[in-house]
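Here the protein sequences come in this chain order: W and V. For the first sequence, counting from 1, position 25 maps to 25 in the working numbering; every step adds exactly one. For the second sequence, counting from 1, position 69 maps to 69 in the working numbering; every step adds exactly one.
No wet-lab data here; the hints were simulated from the structure. Cβ coordinates follow ideal geometry from the N, Cα and C atoms, glycine included. Some hints here could point you the wrong way.
Said to hold, decoys possible - If you want a taste of the chain V side facing chain W, the calculated C-beta under 8 Å gives, among others: (1) R84; (2) V85; (3) S91; (4) Q221.
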Amino acid sequence: MEQVRTSIWREEAEPTDRFATRSAHCRGYDVYGDLLGRARWVDMLWLLFREEAPTEAQAGLLEALAVALANAGPRDAAVHAAMCSGLGRSPAAAALMAALAVGAGRHGGAQEVAAAMTIWDSRAAPESVALWAAGWLAAAAPTSPIWPEADHPPGFEPNGVVTPGIVCDALQRLADIAGGPRLRWLAAQRPEIEATVGLPLAMSGVAAAALGDLGFTPEQGEMLHLLLRLPGAAAHALEQRAGSYKDFPFFALDLQDDPLKETA
Amino acid sequence: MNNGMTSPLEQHAGRLRTRMGGAFVGQRAVFRGHDLHAELGDMDWLALYTFGITGQRYTPAQIKVLHAIWVFTSYPDARIWNNRVAALAGSARSSGNLGVAAALAVSEAEIYGRGIDIRAAGFIQRARQALAAGEGVDACVREELKRHRAIAGYGRPIAAGDERIAPMLRLIEQQGLADGAHLQAALAVEKHLQDGRWRLRMNYAALAAALTADMGFTPRQHYQFTFPAFLAGMQPCYIEASEQPAGTLLPLACDNIAYEGPASRSWP
């Protein structure tokens with residue numbers, strides 16, 4: 001018989017139908033008979049990615065991060081994409097697919113978070129800001145040629161001229177809640193780090209530090225960043241779906257090679 | 001409950017039963033009952049694509065028109081909502097496949113794209129049946145308006161006219177495909193809407209649906225066929241945005257957001 005191997009999930013079949021689940025177990029815990037109603041959503045989320053349940057501090061930090069990432073707002077490219085889906089009344093899944101596709105990348109997206117986490121993993125205990133920043137700036141290449149060059153060090157905003165207040169607030173709050181070495185060091189050294197790197201810190205940099213402090217791998221962090229940013233994309237897509245496309249920005253066109261202009 | 005029943009899934013377990021094809025990797029591939037490389041290897045890609053959808057072969061004139069259905073609606077304008085998804089993916093430095101695949105998913109919209117295509121195809125086929133039965137199209141039109149408050153394939157968001165109609169009508173005239181019963185039904189609906197109080201013109205969705213219906217496509221086959229209709233316009237949107245500095249596509253500032261919700265308050 002063909003079999004799927006997993007150490008995450010076990011299902012016991014009903015005695016009279018092997019396609020019906022009598023009980024489901026996540027990492028050994030009975031999901032519907034024990035966890036349901038007692039475990040928080042972040043406990044379950046953690047348990048799916050990790051072998052052991054989170055401590056109170058770990059669950060608290062993951063939940064706080066989830067709040068920080070829940071909605072990047074309608075100015076964010078991934079949310080913008082989801083709204084483009086909503087306003088045309090495309091299927092709900094298309095809105096999330098749009099948010100995932102646009103939010104997957106190396107500018108503000110999950111690949112950027114994974115890249116930053118990878119660099120963090122190689123220097124978890126920074127000796128000095130100058131050494132840390134030098135290593136950071138030298139290690140920004142994509143892991144696969146399917147991703148375009150980001151042209152900026154991961155975790156920092158290439159178009160930024162000031163550190164957004166929400167980034168500072170998120171960093172400080174997460175560091176205060178249950179911050180590990182990355183969040184605490186980043187929060188303490190942020191102005192000097194930004195001056196050395198030459199760019200302001202971005203929310204992706206805060207997320208990478210938090211996910212790294214929680215012990216997630218870059219691949220897990222990438223997946224969590226994609227997941228945790230979906231609620232806002234979904235809500236904004238639904239809001240646009242209920243409105244009219246006529247109320248949504250369509251922008252002016254500045255066509256550089258219009259054949260009609262060239263022949264005129 | 002059980003009642004001694006066996007799960008219907010049992011008979012499907014453990015194997016894929018299909019008539020569509022299979023890959024014998026390292027040896028050969030079968031596509032709808034034909035050896036892909038030996039029998040279909042010199043086929044035009046779009047002819048193969050439509051063969052995969054309908055199981056039918058089409059004349060060179062029909063294939064030319066099927067190609068044109070896609071060509072005439074390939075608009076590399078990153079402002080258009082589905083294209084904008086591809087462009088935003090490029091700007092956010094996501095992968096080209098992710099961006100364009102999501103843009104294609106978004107193309108299944110209710111106000112344009114696949115959502116309209118399948119409804120337009122169903123409507124045109126009902127209109128043709130009504131004409132064939134000598135009933136006229138009025139009842140069909142009123143029923144569609146009653147159900148959807150609009151007629152898929154007639155009228156158009158953003159613009160009043162449809163620049164794709166004239167070149168397509170010229171092409172099908174050249175190819176000898178302008179006399180189909182579904183096309184005539186689509187034109188009869190437009191005349192009815194123009195003569196009545198609705199003043200709606202036929203748009204490209206109705207024309208394309210009529211043309212494939214005249215080739216024997218069902219509405220669902222038409223919907224599957226048009227899946228990549230916007231694709232050629234999407235790739236340039238992704239590419240240009242990915243070549244521009246990251247994050248610079250159609251940036252929105254805080255004052256571009258008009259907030260209409262509750263005033264600031266404290267979390268309890």
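Comparing the hints with the structure gives:
| no. | hint | result |
| --- | --- | --- |
| 1 | R84 | 5 Å, holds |
| 2 | V85 | 5 Å, holds |
| 3 | S91 | 6 Å, holds |
| 4 | Q221 | 20 Å, violated |
Hint 4 from the earlier list is the only one contradicted by this structure; the remaining hints agree with it.
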